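Chain by chain, the residues run as shown.
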Amino acid sequence: MAGATRLRAEPVALVAAGAVTPLGADLDAFWSGLVTGSDGISAIERFPVADLRVGRGGEIKKLRPLPTPRQPGCRATHLLLAAAEDLLARAEISAEPSRVAVVVGTALGGVEQLERALAPQGRPRHAAAAFYDTPTHALARRVDARGPVVTVSTACAAGATALGAAADLLRADLADVVIAGGYDALCRFVMRGFDALRSLTRERVRPFDRRRSGLLLGEAAALVLMTRDERSGDPKLGRLLGHASASDAAHIAAPDQNGRGLELAVRSAIDEAGLTPDDLDFVSAHGTGTPLNDRIEADVLKRTLGVRAHQIPVNSIKAGLGHTMGAGATLEAIMCLLATREGVVPHTLGLEDPDPACDLDLVMESPRAFRPRISLSTSLGFGGCNAALVLEGTEA
Amino acid sequence: MTGTTVERVAVLTGWGEGISALPADAARAAAGRPVIPIPRPDLAGDRFRRATRECLLGVAAVDALLREGGMPRDAIRGTSTALVYVTGGAYGASNAAFIAGSSGAPAGDARETRHAQAWAGALHFPYTAPSAMAGEVAIEFGLTGQYGILIGGAVAAIDALWQATRLLAAGRCTRALVLAVETFQECEGLYARGRWLVRRPLVEAAACALLVPGAQSAQYNVPRAPAALETLALARAGETLACAPLIALALARDGGTIGPISVTGEWRGRRAGLQWQ
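Chains as they are written, first to last, in this note's numbering: chain W, 54 to 449; chain B, 17 to 293.
If we strip away everything but chain B, and leave its shape as in the complex, we get (with noise of 0.2 Å):
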């Protein structure tokens, strides 16, 4: 079994492009807004006609990662490459969409109703599976490997993390890019509903970590406590669900930390962390 090293992290937030552009004190920063979005990313194509917001932001951190690797699309192309797509709760938008569609009601006025009555079809069913973010994003840059979909918060994305090292370390893949994506702002008022479970603001970010084999050894642990980095990324990103510990490794990286790293996360009462070292 090989070692794994996370090579690169890309972050969109809805404070921006990258850590660079989280605020210092993302609480402060929002100024009481319950949601911080991320606009509709403007990626060209015909195939994105009907492509949901969650699969455009998954498709845009992909592609930040390679940008920001100065790697060609052609390098991640093919059965190589395993994809772990991970959220908490980005398949909500569609979900609600779908069902708002489908009972026929009048939502907003004319256009806003014949767009939902629209989302009720045929040719939109098939984004409300969390499938179709990964499938998008597959389709998009030809990833023909392995795959995973957890759903869940940060303790999924964990989870996510170790399965794409356990991949890599099993040889079932040569690079493995594991993919979280959080959506809020079309369900806010069910997240305003459901406030035990979500700290504010909820700040919606899409983020990718490569993941190469390497020297470090990842050893996945049920800490009792959040690693200092889950705490810094809650405290400059706000809640970002499964998105947080992606960040909190691009976090350790934009430090320059040396040495083991350690990242956690948290949902519905549980804990989970991977520590490299």
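Just chain W, same shape as in the assembly (with noise of 0.2 Å):
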């Protein structure tokens, strides 16, 4: 950023995770889906698809109930009450109410409840329920937040503009603990979206492959507890040392050429968590498996990181589970933190013939020993949004 002097931020703990995903319905099934190359893909079901080019993607198939006595009728709000669920277990939320906030990152919201409100029997509830924000005001009411309750929408990178707004809540000293994260459910609005615009593939994921062809979408949420570090105590997942966003000004549906939207997102991160290129030991890429979004990914790597780029190791977890949007960098976020509590960097799923134009330390095959202390996590979405979280795991 020109013209301005950046300060240094100060570090948020992430206590304790919770997810639901296509690989599993808690944190567990996630991480040793990741480790163990479990693929989450599979054949549509709970909507039709007969009528669209691409009818696969990380369907969550049994979805348990939560133990409240009435169901959510939308499975965007099921999905994160579901993430709330397993993160509860793992967590208690020590902290007046009104301390407690919550800010959720989504790209699709409630949008399915809008097809509901618009077909002939719609019913008022479902209008009211189609609003973007209607998920995250329901976890605020499951874990009595009475703070600030924010819904952020920067499209696919929303899971990471969250957990950055999140700290500067902490910082700001407007909450003690913050239940952050992303959502976003699969629906029909979104398959025949992506399914018009040519971006699903026929066939595998494959990011940074040679012949990669397309992405597929997927149904998750994930929520992390933060707090201020000095409050956090042991044990913890890790620290949120920095986050920056940058728009690209470019187009509406694709990345920039150049990517240099990513890049100022990237340096600026880096910058923030008082870091330096040098001292990045891994990066979860957005790596969607689009031809361009890849190539992109990598040009910028290489630019922002130098010859550190080809030995940093790096992998993209989409191929597993699908893309799964407002989830999806949370998700990512999480991973980063699990990789160094339990010295293994997962696999990239589906990737077997490496792009020459992607020459990184791609991580692929097997998971691999290793165990990052700093991590990079990268996010991109319509609208030309672009964000960069930088992470410090934790070991066991």
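In case anyone wonders, no lab produced these hints; they're calculated from the structure.
Some hints could be false.
[To be verified] Here are a few chain B residues that face chain W, going by a calculated C-beta distance under 8 Å:
#1 59
#2 109
#3 112
#4 161
#5 284
#6 291
These numbers were taken from a predicted model, which means no experiment stands behind them.
Cβ coordinates follow ideal geometry from the N, Cα and C atoms, glycine included.
Once you've looked at the hints, go ahead and assemble the two chains, each given alone in its own frame, into the complex.
Following this line, the structure appears as structure tokens:
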């Protein structure tokens, strides 16, 4: 950012995480699925897809009922609350309700409810649930958060932007605990849209591979419990050291050909963390498996990390989950921290023949025994949204 | 950490451009009309052919801000300007159009059906994302700095203003645009069904505030009651959801308020406020 002096940001602790993904109903299933190379992609069964070019994705087949008398009618809300149940089973919220905030990222909100509301028999509650912030407010009620309740919608970068916004709330002392993360549900609306864009592949997803031909969508929710570092105690998953966003100002649906926005986000996040590219040990790439995205990301990493770009392990976890949109960046941040804790970096499913244009140290074929300390996670989204997180993991 | 100043606010509403266009009593001026719409801005350029009305309103609001301040477009271009966009439901129109087009069902006459079906195509899907609005504005004005996109009513706008002050204070930008857009016309029937969430009349609006480093410190709070400016903005503009706090700021500036300015907002039973002092 030209013309201003940036301050090194106070690190923020990520105490615990919860998730529901196509790989399973909780965080343990997510991690074990990543390191065993499980494939969560399947034929979509929950809504009609026969008229679409591609009818596969990371659909969650069995969603556990919530421990409440009434189940949410909105799948997006159900996913988010299921992730919250997993999180609350791992950590307690030790703060007054007025000091608890919720920050959630989403690309689609409760848009499936809009489809219901527009149907001839649509009910008023469907109209209200169609607002993109409805699931966030359901989560706030579930955890009795009476501090700020924030919904961010930076498309597929939302799961990263949400963690950054949560860190800012903590640094400004507007909350003692923030439940932050992202979610999105698969629905006909988004499948129809990406199908029309011809972004979905009929083959398998192959991030950074010479034969990569597109992405597949997935559904998931992921949450982390965040506090100020001095308040967190031990053990904790790790710390968010820096975050940044930048706009491409280039195209509504495609990333900037030169990755200028992503580059600025990466440089700014490293700068905010008070680090240099030499301090990074690992990169969790957005890695959608589209020809353009992966090439741009590789170029940006080579420009920003220099020679280190070829020495730092890089992976993408989207092939086994699908692109989970608002949840994606949060899941990837959690993966970075679990990689440190477990001393293993999950491999990039689907990557067999690396594209020479993406000549990075790509983790492929099998997980790599390696314990990164500092990780960089990158995200891109519609509207020219770019976001980057710098995370520090904690050993078990 | 530095303070901030709200240097300028531009307001477009269904009543017209600027605060001077607001009636004294929006409810009375609406005369029973549930929605007071803003016409689609007539912006030149092939790039705007597919842009939604909310995108064009966003561009028009930033243009109004620059025009009122006598600022050239280059003044905000580049990485030093942050953009924080906020809306309660402006994405509803494009989402509803995409759903209608995807259904394949006839929509009115043959022309309207063709329009609806065209909306189900690849060219329009990206415009269903709230980030398309911020993206169009970023492209139009060359904004390549930090950004945020928040969803919700007036409380989200308070959050957006706070985020802008935070970005400035942390040195992540040297100026910040907080942009709010609300449209209702295309989803009038839906709002009629969800009427416990919103008041009447629903007044379409686009507002943009320019924040720069300054002497005032902005304090976020959770007030129990609306500030006087919130009540005034609702009375004069009507229900404008996320635009309301920006309209309140414009009213304060128009009234020559000196000293502390307190803006508040309410949404879904939650209230938030920001006080500059």
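Okay, the hints, checked on the actual structure:
1. 59: 15 Å, violated
2. 109: Since chain W brings no Cβ nearer than about 11 Å to residue 109/B, farther than 8 Å, the hint is violated.
3. 112: 6 Å, holds
4. 161: 6 Å, holds
5. 284: Since the shortest Cβ distance to chain W is 6 Å, the answer is holds.
6. 291: Violated. Min distance 14 Å.
Checked against the numbered hints above, the structure violates hints 1, 2 and 6; every other hint is satisfied.
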